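Residues per chain, in single letters:
Protein chains: 2
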Amino acid sequence: MSGRVVEGAHGGGGVESRELVRDLFLARLGNPVLNRLDDFGLVDLPPGRVALTTDAFVVTPWRFPGGNLGDLAVCGTVNDLAMSGARPRYLTAGFILPEGFPLADLEEVVDAMARRALQAGVEIVAGDTKVVDSGMGPFITTAGVGVVPAGVVIAGDRARVGDVVLLSGDIGRHGIAVLSRRAGLAFRTEVVSDVAPLGGLVAELLASGCEVHVLRDPTRGGVAGTLNEIAAQSGVEIEIDEQAIPVVAGVRSACDLLGFDPLHIANEGCMLAVVPGAEAARALAALQGCPEGQRAVMIGRVRHGGARVVARTPLGGRRLVDAPAGELLPRIC
Amino acid sequence: MSGRVVEGAHGGGGVESRELVRDLFLARLGNPVLNRLDDFGLVDLPPGRVALTTDAFVVTPWRFPGGNLGDLAVCGTVNDLAMSGARPRYLTAGFILPEGFPLADLEEVVDAMARRALQAGVEIVAGDTKVVDSGMGPFITTAGVGVVPAGVVIAGDRARVGDVVLLSGDIGRHGIAVLSRRAGLAFRTEVVSDVAPLGGLVAELLASGCEVHVLRDPTRGGVAGTLNEIAAQSGVEIEIDEQAIPVVAGVRSACDLLGFDPLHIANEGCMLAVVPGAEAARALAALQGCPEGQRAVMIGRVRHGGARVVARTPLGGRRLVDAPAGELLPRIC
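Those protein sequence lines, which keep their order, are chains A and B.
The numbering of the first sequence is the working numbering, which starts it at 936 and goes up by one.
The numbering of the second sequence is the working numbering, which starts it at 936 and goes up by one.
Calculated directly from the structure, the hints in this document are not laboratory data.
Please note: incorrect hints may appear among the correct ones.
Quick list of simulated restraints, FRET-style, between CB atoms [as the list claims (entries may be wrong)]:
1. B:Arg1050 <-> A:Leu972: 57 to 67 Å
2. A:His1239 <-> B:Gly965: 24 to 34 Å
3. A:Arg971 <-> B:Asp1068: 32 to 42 Å
4. B:Glu1043 <-> A:Arg971: 56 to 66 Å
5. B:Phe1122 <-> A:Asp1092: 53 to 63 Å
6. A:Glu1146 <-> B:Gly965: 27 to 37 Å
7. B:Gln1229 <-> A:Leu972: 44 to 54 Å
8. B:Ala1184 <-> A:Arg939: 49 to 59 Å
9. B:Leu961 <-> A:Leu972: 32 to 42 Å
10. A:Val1088 <-> B:His1239: 32 to 42 Å
11. B:Ala1220 <-> A:Asp979: 31 to 41 Å
12. B:Gln1054 <-> A:Asp1191: 47 to 57 Å
13. B:Gly965 <-> A:Ala1142: 53 to 63 Å
In this text, all values refer to a predicted model and were calculated from it rather than measured experimentally.
Note that beta-carbon positions come from the ideal geometry of N, C-alpha and C, so glycine has one too.
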């Protein structure tokens, strides 16, 4: 389909829609459920608790160092499922495409989705495509279904005094990678997005037998936003040691250049884990045994106090870590 | 929130995002699962087959006679689930909002979603909001989860020679209602969209004990597009009696004015059912017993022949009914 572009008729539900589905989507994402071309996908789920989630992806530009919109659309939703402790199983994908978008570019996006779905062990079982006026998009909204193992209860309100906070890797790469390609802001950096599916990392952590209270991937709002959410949901104070948080040099210098705090920058391939203090060593070892968690570190602990996040400074002081406010980094995912 | 508008920060994942979620979304769509504010919703499903589906909704204008984007976002996905024979249970919703969109208008859309969710017996258990540059949208992508009763096997490839085709109501109202409010095309009509959830209608049909082979709601592509899909999937010829298909006067005259075939116009509140010929009377009675199916009629039958749709004309001739091609009616849902 090289040289061709998305046309209005591709979203009309007629002959052209069916050609696009068959020649572009099914050729890359096809599986026995999707290939049936019904308006629904039928799957069998084991009895028990199921995690459901959705995310709309509007990143601009749609291609960035380390990935594209398609990588995000699969990994972002897979990771939200994984943060419940669920094994991610099935995704749906709704595409909103601008008229005139090159089909070769759409192929690149869908190829990335296919690669990430394979890597994450999920199948895309239902989809929809709409075409809108040119000048905006493409946008992809994915929803996900995961199966929560018996006995696993992981949620944002389960952080307890005495727990420790672990971080699976270095922070800030996704946001900086996207910003480095944004019109009007382009700067030179070697930073590539950390976008990756985290279901395997979570599975290893749970398989270690470690008790896990909270898991969350610090996407929009960064580590600061995510820790503030957990502190608010659990009604606890979280104290972090800023110097313990790994930040690669490229992210550090880009943040200096742009006046950003790495704690506010979006990530798409790392996670925060809150586990009982007694489990810290076992949990860290489990994380560090996975490719996605080699750089895992302990960055803080849960304390008595108001629902807030504080950082210990190098000189031994304490400063409040606010959730980012205002339009800090729009359309990062 | 009257007088205020969507701002970039509402999609940033920070303080403003959380305010929007709490004050606008949770106030209308809240339930114990959604209220937890985790990045996932946990639900219990009975063992067995589950139907998954998704649709992106980009209708323009977003408000039309008989409903708005929010009505469509719930009913469209509920209906795709219902067409599998499933009982619709849970939805997820991803919002893509243009900067500057009035919050009062967003409230109107979300109010419609809340009403329709209640009517359809579904809960919205996960959501996401992104903000994009002004000038396009709002868009909503919903995904749905439904539970398929044991023994129910309904799919597009199950139409058999000897089956009959039933239609639950009159056609063409949704497409004409949307077009009547479109810039550059405005015309006077009393036609209101048929948008409605069809899960109750399907449940009654199945409760009648009638064997059902195919269900499908003729949305984009209309009755002609949908019947062509079924004919292709099942490898059969479908013959319809054009005069049997109910079309209200307002739709008829608007189609005459605009040069459209009512068979090509999108619907959002009626369905096609393919059932064995011996079941026709029982199925029709079940449909006609529901408010959404009072005007149900038999419109055709499944015959030996190529994968195509033909219509018997008033004079006894036969004409081929093509699926619509080209950009007939963009952004109707």
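- [ ] Hint says 53 to 63 Å; check whether the CB-CB distance for phenylalanine 1122 of chain B and aspartate 1092 of chain A agrees.
- [x] holds (54 Å)
Task: Outcome of range test on Cβ distance (alanine 1184 of chain B, arginine 939 of chain A; 49 to 59 Å) - done: With a Cβ separation near 42 Å, alanine 1184 of chain B and arginine 939 of chain A fall outside 49 to 59 Å, so the hint is violated.
- [ ] Confirm or reject the claim that glycine 965 of chain B and alanine 1142 of chain A have a C-beta distance inside 53 to 63 Å.
- [x] Given range 53 to 63 Å: violated, Cβ gap about 35 Å.
TODO: Evaluate the given range 32 to 42 Å for the C-beta pair formed by leucine 961 of chain B and leucine 972 of chain A.
DONE: holds (37 Å)
- [ ] Check the following: the C-beta atoms of glutamine 1229 of chain B and leucine 972 of chain A are separated by a distance inside 44 to 54 Å.
- [x] violated (31 Å)
Task: Verdict for glutamate 1146 of chain A, glycine 965 of chain B (Cβ pair) under range 27 to 37 Å - done: holds (30 Å)
TODO: Could you tell me whether the CB distance from valine 1088 of chain A to histidine 1239 of chain B stays inside 32 to 42 Å?
DONE: Because 57 Å falls outside the window, the suggested range is violated.
Task: Beta-carbon spacing of arginine 971 of chain A to aspartate 1068 of chain B - inside the hinted bounds 32 to 42 Å or not - done: Given range 32 to 42 Å: holds, Cβ gap about 37 Å.
Task: Whether the CB-CB distance between alanine 1220 of chain B and aspartate 979 of chain A falls inside 31 to 41 Å - done: Since alanine 1220 of chain B and aspartate 979 of chain A have Cβ atoms about 33 Å apart, the given range 31 to 41 Å holds.
- [ ] Take a look at whether the Cβ-Cβ distance between histidine 1239 of chain A and glycine 965 of chain B falls inside 24 to 34 Å.
- [x] Given a distance of about 30 Å, which is inside 24 to 34 Å, the answer is holds.
- [ ] Mind checking the hinted window 57 to 67 Å against the Cβ distance between arginine 1050 of chain B and leucine 972 of chain A?
- [x] At roughly 32 Å between Cβ atoms, leucine 972 of chain A and arginine 1050 of chain B fall outside 57 to 67 Å, so the hint is violated.
Open item on the list: Given the hint of 56 to 66 Å, is the C-beta distance from glutamate 1043 of chain B to arginine 971 of chain A inside that range or not?
Closed with: violated (37 Å)
Comparing the model with each numbered hint stated earlier shows that hints 1, 4, 7, 8, 10, 13 do not hold.
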